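**Student:** One-letter residues, chain by chain:
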Amino acid sequence: MLKRTNIVVIGGSAGSLKVLLVVLPHLDKDLSFPIVIIMHRKASSDSVLNKLLAHSTQLEVIEIEDKMTMLPGCIYIVPPNYHMLFENKTLVSLDFSEKLNFSRPSIDITFRSAAEVFQEGAVALLLSGANSDGVNGLKEIKSYQGTVAVQDPATADVDYMPLQATLHVDVDIILKPTEIASYINRLRI
Amino acid sequence: MWEPNIIKNEDIELLLTDVAERYGYDFTQYSKASLKRRLNRICLIDKFSSFAELRYRVMNHPEYLQRFVEEITVNVTEMFRDPNFYKSLREEVFPRLGTYPFIRIWVAGCSTGEEAYSIAILLKEANLYHKSLIYATDINPGVLERASSGIFPISQMQLYSENYRLSGGIEDFSKYYTANYDSVQFHHNLKEKMIFSTHNLVSDSSFNAFQLILCRNVLIYFDKELQNSVFDLFDISLDALGYLALGSKETIRFSKLEKQYKQIGDERIWKKIR
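Protein chains in written order, with my numbering: chain D, 1 to 189; chain L, 190 to 463.
Everything labelled a hint here was simulated from the structure, so no lab data went into it. Remember, predicted model here, so these are calculated numbers, not experimental data. In this text, a Cβ means the ideal position worked out from N, Cα and C, and glycines have one as well. A hint or two may mislead.
The calculated lysine-lysine pairs, modelled on PhoX-like cross-linking and capped at a C-alpha distance of 25 Å, are [stated by the list, open to error]:
hint : chain 1 : residue 1 : chain 2 : residue 2
1    : L       : K460      : L       : K382
2    : L       : K221      : D       : K139
3    : D       : K18       : D       : K51
4    : D       : K142      : D       : K89
5    : L       : K221      : L       : K413
6    : D       : K139      : D       : K89
7    : D       : K89       : L       : K380
8    : L       : K413      : L       : K276
9    : L       : K197      : D       : K139
10   : L       : K276      : D       : K42
11   : L       : K448      : L       : K460
12   : D       : K142      : L       : K221
13   : D       : K139      : L       : K236
14   : D       : K139      : D       : K176
15   : D       : K89       : L       : K197
16   : D       : K176      : D       : K3
17   : L       : K221      : D       : K99
18   : D       : K99       : L       : K197
19   : L       : K448      : L       : K461
20   : D       : K51       : L       : K276
21   : D       : K89       : D       : K42
22   : L       : K380      : L       : K320
23   : D       : K99       : L       : K236
24   : L       : K413      : D       : K89
25   : D       : K142      : L       : K197
26   : L       : K382      : L       : K313
Some chain D residues near chain L, calculated using beta-carbon distances under 10 Å [as the list claims (entries may be wrong)]:
hint : residue
27   : E63
28   : K67
29   : H83
30   : V92
31   : E116
Just chain D, with the same shape it has in the complex (with noise of 0.2 Å):
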């Protein structure tokens, strides 16, 4: 049975951001659902990755502010030291609560909201990085019947949460940076 997509997260620590540039290019436009990027980064970091990512791709940039709305065919990227959550399918919330796996944004948080607000309409993609932080978040999509994708770990510049996520998780497809902008414009109904 072919699954509808209603969401698209992916988390990414160390050495995603490459990936992340060889992607967005092949974005199609016409996306039917918003893709969540929750991104390990300094607390500090100004703007320069919005900006960086913005120019890669067609698609509409935006940086997550708290209660905002979001639309579908636009990325929409986690603000540094802040938790992302879903109030519901289109509204979300920032949170600025303890850090989970030192991480703040944590992957794992978003992930197992996106989880429980999307149940089978959720896809999540975990990119290179260095910590296992999403890894429950992956558990947490695949046990409500949502869709997990891994980055293939031989192709990650640090293979540690790729790996990990084969290891402990029911992954459904492992893809090399290359494969995952097709991947994600399968997804359109």
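Mind docking chain L on chain D? Use the hints.
**Tutor:** Quick look at chain L alone, frame taken from chain D:
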């Protein structure tokens, strides 16, 4: 700490309605997504294995209420968080405040007080502290006690000192406190003009008129309707030409206040213009 997933959405409604009726603390307009995490977290740290256990403790042990309220609200804060924000206060706002004979500032939802002390330091350095009063309020009496102690973990000082420097501070940050093993004590003269008091943004009314209200990373835990009613509360508590400061991802845009306030520069500071 990966909390279990014990609490269901319908449990939240039930518990919050009970708590509001029994104790008068109304969390029904808090953001559900965040509250759900807090409730799961409290189940983990206080070892409740089911929602029923948590509910029983809250409803039948009034002495547990203070801890419950303190744990389901987020009390994570920093000194000089977002240094550019403090820089704007120094450069754009304080010179204006300096023209008043007397300055009243409200730090709403001050938690353990890190922002109130940051403001006190800025006022000292602008030579305005002697004619200022800082009202630091929070829903939790426990965190206010910690705020009024002026004691903070020494492990944070490197970050705070760096934030302070980036905010335009030119003093040696350590001159404001005395280190003591794993904590530091901020000097008492910083709290001479601070008033700590409980205040619930949901249910309590305006209690004074201010030239500056800071409420940073508090409204993110409220739903939109409650955010709007808190904006109204701030509006009636602000003098004409007063300033409202929010967290870096919070905004008065799309609210009733939008047309009566003007944003100052790039930071989340608005001036009441009519």
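**Student:** Decide, hint by hint, whether the structure agrees.
**Tutor:** Each hint, compared with the structure:
Between L:K460 and L:K382 the CA atoms are separated by roughly 24 Å; this keeps the pair inside 25 Å, and the hint holds. Restraint check for L:K221 and D:K139: the C-alpha separation of about 22 Å stays at or below 25 Å, so the hint holds. The hinted pair formed by D:K18 and D:K51 meets the criterion: a straight-line CA distance of about 14 Å does not exceed 25 Å. Note on D:K142 and D:K89: the hinted pairing holds, with a Cα-Cα distance of about 18 Å set against a maximum of 25 Å.
Taking the CA atoms of L:K221 and L:K413, the gap is near 12 Å; set against the 25 Å cutoff, the hint holds. A distance of roughly 20 Å separates the Cα atoms of D:K139 and D:K89; the hinted pair therefore holds under the 25 Å criterion. This hinted pair does not check out: D:K89 and L:K380 have alpha carbons roughly 45 Å apart, beyond 25 Å. Straight-line distance between C-alpha atoms of L:K413 and L:K276 comes to about 29 Å, which puts the hinted pair past the 25 Å bound.
Proximity of L:K197 to D:K139 is assessed by CA-CA distance (about 18 Å); at most 25 Å being required, the pair is judged to hold. Distance hint between L:K276 and D:K42 is fulfilled; the C-alpha atoms sit about 20 Å from each other, no more than 25 Å. A distance of roughly 11 Å separates the Cα atoms of L:K448 and L:K460; the hinted pair therefore holds under the 25 Å criterion. Of the supplied pair hints, the one linking D:K142 and L:K221 holds, its CA atoms being roughly 23 Å apart against a limit of 25 Å.
With a C-alpha separation of about 23 Å, the suggested pair D:K139 and L:K236 falls inside the 25 Å cut-off, and the hint holds. Taken as a hint, the D:K139 and D:K176 pair is honoured in the structure, with Cα atoms around 21 Å apart against an allowance of 25 Å. Under the criterion of a C-alpha separation no larger than 25 Å, the hint pairing D:K89 with L:K197 is consistent with the structure, at around 17 Å. Note on D:K176 and D:K3: the hinted pairing holds, with a Cα-Cα distance of about 22 Å set against a maximum of 25 Å.
With a C-alpha separation of about 19 Å, the suggested pairing of L:K221 with D:K99 holds against the 25 Å cut-off. For the hint pairing D:K99 with L:K197, the CA-to-CA distance comes to about 23 Å; that is within 25 Å, so the pair holds. About 9 Å separates the Cα atoms of L:K448 and L:K461, which keeps this hinted pair within 25 Å; it holds. At roughly 24 Å between alpha-carbon atoms, D:K51 and L:K276 fall within 25 Å of each other, so this suggested pair holds.
Of the supplied pair hints, the one linking D:K89 and D:K42 is violated, its CA atoms being roughly 28 Å apart against a limit of 25 Å. The suggested pairing of L:K380 with L:K320 holds, with an alpha-carbon distance near 13 Å, which does not exceed 25 Å. For the given pair, D:K99 sits about 21 Å from L:K236 by alpha-carbon distance, which is consistent with the 25 Å threshold. Straight-line distance between C-alpha atoms of L:K413 and D:K89 comes to about 16 Å, which keeps the hinted pair within the 25 Å bound.
Pair hint D:K142 plus L:K197 holds up; C-alpha atoms about 18 Å apart against a cutoff of 25 Å. About 11 Å separates the Cα atoms of L:K382 and L:K313, which keeps this hinted pair within 25 Å; it holds. Satisfaction of the interface hint for D:E63 is found here, the shortest Cβ-Cβ separation to chain L being roughly 8 Å, below the 10 Å cut-off. At a threshold of 10 Å, the smallest CB-CB gap from D:K67 to chain L is about 6 Å, leaving the interface hint in force.
Among the interface hints, the one on D:H83 holds; its C-beta lies about 8 Å from the nearest C-beta in chain L, closer than the 10 Å criterion. Because the closest C-beta pair between D:V92 and chain L is about 8 Å apart, less than 10 Å, the hint holds. About 8 Å separates the beta-carbon of D:E116 from the nearest beta-carbon of chain L, less than 10 Å, and the hint is met.
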